[in-house]
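Using the hints provided, position chain B relative to the given structure of chain A.
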Amino acid sequence: KQEVTQIPAALSVPEGENLVLNCSFTDSAIYNLQWFRQDPGKGLTSLLLIQSSQREQTSGRLNASLDKSSGRSTLYIAASQPGDSATYLCAVSGYNFNKFYFGSGTKLNVKP
Amino acid sequence: DAGVIQSPRHEVTEMGQEVTLRCKPISGHDYLFWYRQTMMRGLELLIYFNNNVPIDDSGMPEDRFSAKMPNASFSTLKIQPSEPRDSAVYFCASSFGSNEQFFGPGTRLTVL
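These protein sequence lines are chains A and B, in that order. For the first sequence, my numbering gives the first residue as 6, with consecutive numbering after it. For the second sequence, my numbering gives the first residue as 114, with consecutive numbering after it.
Next comes chain A alone, as it looks inside the complex (with noise of 0.2 Å):
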């Protein structure tokens, strides 16, 4: 069974500050990687999706990375802003490329 890994569990940073959020996995025959965000009490917002073809994904501040081969993801946030706090969530899906396999997330808070 694949297993997801986020570390750190938590960060903290001053505003303005570029950071990396990373993802492993322990199965590289994936299919999908997939960035989440979860802000308390509420849903999950898809952030970016990498197919296993592809090596990056960017969506203006946030730029992520797949590195199959080594089983891991990071996801790169430029210029942090308070708004950006929040728990940012991992999950990779396999041959069925429909079943994604969550990490426990990093939860992120961006000091003002």
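In short, the hints are calculated from the structure, not lab data. Owing to the predicted nature of the structure, the values given are computational and were not obtained by experimental measurement.
Below are the DSBU-like pairs computed for lysine-lysine, each with C-alpha atoms no more than 35 Å apart in a straight line: (1) A:Lys-104 / B:Lys-181; (2) A:Lys-112 / B:Lys-191; (3) A:Lys-6 / B:Lys-191; (4) A:Lys-47 / B:Lys-191; (5) B:Lys-137 / A:Lys-112; (6) A:Lys-112 / B:Lys-181; (7) B:Lys-181 / A:Lys-47.
According to the in silico footprint, chain B covers these stretches of chain A (three or more CB under 8 Å from chain B): (8) 31-40; (9) 50-58.
From the three backbone atoms N, C-alpha and C, an ideal C-beta is built for every residue, glycine too.
Same frame as chain A, now just chain B:
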């Protein structure tokens, strides 16, 4: 589009009662997913449907849980009888093919 719609948003019930959670996926999406989120176990996939047909229910914890999708715009997750350990946030999500999944706001279930 209104996004994925779930009802009720909060449900408090007593042990032994039947609970029914409802979901309306995004129009045009052909996959529907039910997830459960707890502090201890994180986010877990319970079951998913493709074109209204259940594809994988291996995540359903036990026979007390059942899910149906009578048409493309409606699904239910039923727990009968409910137990305190079923207390969690239940999310519904939908997608088109292997594209990104979109989540609803969730139903917070408390079983007393």
